[in-house]
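**Student:** Following the hints, put chain B in place on chain A, whose structure we already have.
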Amino acid sequence: MRSRYPKRGSAFEYYMWLFTRLSGVLMLFMGAFGIVYANLAGGRTLMDMTTQYRWAFFPTYWHVQNSDIPDVFPNWSNSFWQVYAILLLLVAAMHGFNGLRGVIEDYIHRPYLLLFAKFSVYILFLFTLFTAAVIVFELFV
Amino acid sequence: MFQGRHVGYLEGLRYKGKAPMLAWALHRITGLGILLFVGIHVIAAFFLNAIGDDVSTTITTVYESTFVQIFVYFCVLYHALNGLRLIIEDLWPPLLRYHRELLWFQWLVFLPVFGLPAFFMVVSILSTGV
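Top line first, the protein sequences correspond to chains A and B. Mapping of the first sequence onto this note's numbering: position 121 corresponds to residue 272, and the numbering continues sequentially without gaps. Mapping of the second sequence onto this note's numbering: position 61 corresponds to residue 632, and the numbering continues sequentially without gaps.
Excised from the complex, chain A in its bound form (with noise of 0.2 Å):
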């Protein structure tokens, strides 16, 4: 007999579900902080308003060194806001990998290749976390 309720997703699907409306308001809210923080810390007279936009999406100091900033390291440039470029990086990443992966498991069907599209979504997963840690560190420096 078939149930009267449609099959249960698993909880994996749930707290991604959950986890993509939270990061979602998570990273407005990041993004907002990151233009305010630019504007309390001189941005308005320092940069155009596109180098400050800038910063909210990746806050290092790099992200803004194309216009004249007298000196990066007091405001621009310290270990907050290298946590925070990751931090950000990680939910957005997540976000974007977690919402590929919905992509192709609406088109691909065949079971293999799924698997190893999805494989491959988590691998570039991995490769741009690494890269974003290389650059937010300045390891190769």
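These are calculated hints, taken from the structure and not from any lab test. Remember, predicted model here, so these are calculated numbers, not experimental data. Where hints are given, some of them may not hold.
Counterexamples of contact, computed for chain B against chain A with all Cβ distances above 10 Å [said to hold, decoys possible]:
#	residue
1	G588
2	M592
3	L603
4	A621
5	T628
6	I696
One side of the interface only, derived from the structure: several residues of chain B facing chain A at Cβ under 7 Å [as the list claims (entries may be wrong)]:
#	residue
7	L606
8	L607
9	V613
10	F617
The beta carbon of each residue, even a glycine, is placed where N, CA and C say it ideally should be.
**Tutor:** Same frame as chain A, but now just chain B:
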């Protein structure tokens, strides 16, 4: 999403879902657009700093051009607004009764907030050519 439905691509295109379907499709397209841009940006920045090769220099000049910036701005703004509407509807389901009105309201917010900066970006392209 996340459920195996066996509908062909052409069949999917024949489905006329109007405004909600447009929102769904645009949310998906803009999400992939952001992922593509951010992925290329991060990886190109990595190779530019690590090796400094010509390929990543070229990629960097491409995504720093105003055309790409307008596209990225469209993607980020649409995805953020549509996602926010989605979250609000999820948190408070009675709002789903006004789903279509909310979609219209979303376009009402989106068009000026996207249009004004995009207009000035196009003006800057016309005057400087980048």
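**Student:** Next step is simple, just say for each hint if it's right about the structure.
**Tutor:** How the hints compare with the structure:
For G588 of chain B, the non-interface assignment is confirmed: its Cβ lies about 15 Å from the closest Cβ of chain A, beyond the 10 Å cut-off. Listed as outside the interface, M592 of chain B is consistent with that label: its C-beta sits roughly 14 Å from the nearest C-beta of chain A, beyond the 10 Å cut-off. Against the 10 Å criterion, L603 of chain B falls within the reach of chain A, whose nearest CB is about 7 Å from its own CB. Under the 10 Å C-beta cut-off, the non-interface status given to A621 of chain B relative to chain A is violated; the minimum distance is some 5 Å.
With a closest Cβ-Cβ approach of about 15 Å to chain A, T628 of chain B is found to remain outside the 10 Å limit, as its non-interface label requires. No beta-carbon of chain A is positioned within 10 Å of the beta-carbon of I696 of chain B; the least distance is around 14 Å. For the restraint placing L606 of chain B at the interface with chain A, the shortest Cβ-Cβ distance is roughly 4 Å, inside the 7 Å limit, so the hint holds. With its C-beta approaching chain A no nearer than about 10 Å, L607 of chain B sits outside the 7 Å limit, and its interface hint is violated.
Contact between V613 of chain B and chain A, as hinted, is supported at the beta carbon level, the nearest pair being about 5 Å apart and thus within 7 Å. Below 7 Å, beta-carbon pairs count as interface contacts, and F617 of chain B has one with chain A at about 4 Å; its hint therefore holds.
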